[in-house]
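We have chain A; now place chain B onto it with these hints.
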Amino acid sequence: MTDASMDSPNTTRHATSLMATDARTKKRANAEKRFRAYGIVAIATGLFFLIVLFASILSQGIPAFQRTVVSVEFTLSPAQRDEAEGTLFKTKAYSDLFIGALNDQLTESGVTVDFDQDAIERLLGKVGGTIRTFYADNPDKLGEAVQFDLAASSRVDGYFKGRVSRDTLQDSRFLQLSDLDLVDALKEAGIIKQAFNWPFITGADSGVDNPGGAGIGASVVGSFFMMLVVLALSLPIGVAASIYLEEFAPQNRFTDLIEVNISNLAAVPSIVFGILGLAVFIQFMHLPQSAPLVGGLVLTLMTLPTIIISTRASLKAVPPSIRDAALGVGASKMQAVFHHVLPLAAPGILTGTIIGLAQALGETAPLLLIGMVGFVARGYPDGFVAGFTEPNSAMPAQIYTWAARADVGFYEKAWGGIIILLMFLLTMNIIAIILRRRFERRW
Amino acid sequence: MPILWLFLIVLAIAAVGYVSGRARALQSAGGDSRNLHSLPTYYGANVALKAVVPAFGLLIIWLLAQPLYVSSQVSEMIPETSVKEGSSLSLVMAEVRRTADGLNNAVAAGVLSEDQARNARADVTDVTQRLKDAGQVVTSEITQPVLRAAQSYRAMNSTGYAIMTGAVILVALIGAAISWFQTHSDYRARNVVEQGIRFLLLAAASIAILTTIGIVLSLVFNTWEFFKLYPASDFFFGTTWAPSFSGRGGASDLGIIPLLWGTFYISLVALLVAVPIGLFAAIYLSEYASSRVRSVAKPLLEVLAGIPTIVYGLFALLTVGPLLLDVFGDNGLGWMKAGTAVMTAGIVMGIMLIPFVSSLSDDIINAVPQAMRDGSYGLGATQSETIRQVVLPAALPGIVGAILLAASRAIGETMIVVLGAGAAARLSLNPFEAMTTVTAKIVSQLTGDADFASPEALVAFALGMTLFILTLGLNVFALYIVRKYREQYE
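Going line by line, the protein sequences match chains A and B.
Anchor point for the first sequence: position 210 equals 210 in our numbering, and the numbering is continuous, going up by one each time.
One rule links them: number in our numbering = place in the second sequence (from 1) + 1000.
These are calculated hints, taken from the structure and not from any lab test.
Given the structure is predicted, the values throughout are model-derived calculations rather than measurements.
Just so it is clear, CB atoms sit at the ideal spot from N, CA and C, and this is done for glycine as well.
Keep in mind that a hint or two might mislead.
Between beta-carbon pairs, the in silico distance windows are [as the list claims (entries may be wrong)]:
(1) A:252 - B:1069: 34 to 40 Å
(2) A:284 - B:1108: 22 to 28 Å
(3) B:1372 - A:331: 41 to 47 Å
(4) B:1077 - A:289: 23 to 29 Å
So here's chain A without its partners, still in its complex pose:
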């Protein structure tokens, strides 16, 4: 505060002009500026972190949506097929045919480069097998020209995206320096190119050795089934509990106990809910491990406090005059609540529920404990009931699995998965905001 004191008259004070700022005023003014600057710096730092976070997500995640494909036009006559089926190493015969076709295309575009079968295998994996199964499944395509889009191996993909460079590459059984010459030649001929990575969005997880083939689709489905469980359980239970606490609960110890429990559960670390799920649902009730049903149950218990708190707020926002009017025309208490208060509070409840669901969708820690991580989600569940009970992964658990794998190629997938996860969360939050804007009533 100021040191201006009334009772100690200071004669020297009057010597200076009011217009000239003295040292002390200057000091105080500077302190004021500094304090203000701290605040601005703090906010700027916070926003800077936000920008860095999103920049690193976008810059490292977007490459996951691109993949490198080798597209080769390939024609197989029935005679060639019979010949290949007649040899001892059938897939070898097919891949020889493929290499022939590739060579033709290369010479057509005027590029010459030497390569052998091993190089093709390092670039594209087992081509022969792929082609053989294709023709076994589609015999009617024999004799026609077929465009094959074959995914390049993850290291070649990395070469295109700058993850692998000629300087740092060491010859290994995965990729050799000479292969990159072939890749460059193919690129010049327009045979190898970048394409949008649909398999990443629709596909399922691959094994630990194949980052290129990993997709997030199956775990999106797993998350979807989990959210169905959460919605089906936490919305009715949460709304019922809030109605009881807000409208009917008498003032007694039991009500206090419930209130204390809800506020404590809201602060319990999520990993503890995972322990609860493991001990109760899996150890004690023997529900299937890694199943979206169990994940949904755990997340329901975790989201309930959030939903209860927001539902109570929106019930509280409905003015008492509505209740009084309903009671006044002869409605019972229950009728007043269910026919009048609840519909008016519905937009608020819905908004709270969506935000609670968004929170549950991004939660990872409890899922680790109920076994949604060790499991490799290789395919979609078959059928609606199986979607709940069959082992599956969930989006955040899948991202964690990728992040924990040794191959650097999976990091890109993890960032890509995060972009998809954040898009879901963004959509849900935007829906919540729109609902609030549109239906919120101010009394």
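For chain B alone, coordinates are given in the frame of chain A:
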């Protein structure tokens, strides 16, 4: 899915009960609903509720009780001698369950006929072979007692479920019938239904209590099991954390001190990042910022709170870690060995906590009445002097409460430390070294392949218990401080 069918059957009974109850009420009133005590729908709802609620109650209790009963019965059948050295009854029971599941799946797949699965004199090797052919995972070799136990486990379960189905449907029918006969124009259906709904609402509210009880029981029981296998004093005062996965029993050192130290250290770094930034941001937003700046900056900061923790974990592992390593690593100052360290996890966790601190402090600062600021300005204080000497002291209990809540968040945070802090448990003061926390070790002890009965897995429950008590204590303490020291300005 027989339980799904049971569910639907009970609902169907309720639907039929609803229609017939309503019709009966109207009939007894001579078709004129004005002669009824309640609206006709209440009579229908009365019948439906009385069919559904007791039936589902029975279903839930049965589903919980039957596994307990069957397990206790079956485990009595297993002779002492078949429990191998170094194994335990619960392990054998797990094997029994696996075998029973295998038998079920084999029957479903048609490899094994129902008779063969039930046959008590079946040849063990033959059944094992058939199970393996059916692609069922069967542990090494099934022994005779295990197969017998599995067979009776299956039998008891299937009879149990059969009885349950009958009993649940019966209860639903009886409930519907009784209430149907009660239905009469003078019957106070609305009051009964409303009473019932009130009871259901209360039950929904009680789930919060049940959850807490579930958490506490699951932690306490397993912690108790752990302390039977491992001395509590070594757990609480041991300074080394070195679980072994191969050996059992005394081979592991499971001292919690290094984990608590790691937790504490990382949380401290996080708070050192979050509290100054969050607090100054809150002060600026509530005291200086124009409403336009506020309406942009506040939601943007809060975006940080809405981002899932797995994103922060990846951010720590792949962005912040390598960045710090460039500066402090061997190419820079040489303090850091790897990207995962206390600093990495701490800084990222701090970023996560910024909006937590700023929003809570913002609310608290806004709650300080304007009259106090005006009084201070009137005495000639500048804005910053007012904030430092009037507003902040008034808001201090609330701010301390907010910081404590943020600390409890930091202690319970899992994904950031699992990915960003490293896995080595050590007692060190160097913030650039990898350390690990209680939460990270809960994850690593429970996601491995160790069986639930070993101390290496059970220790996770003791860690969870510690974590639960720690965070609960911090929360209660925060609330206490806020309540006790809050200035009342009304």
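Which hint numbers does the structure go against, in order from smallest to largest? Violated hints: none; all satisfied.
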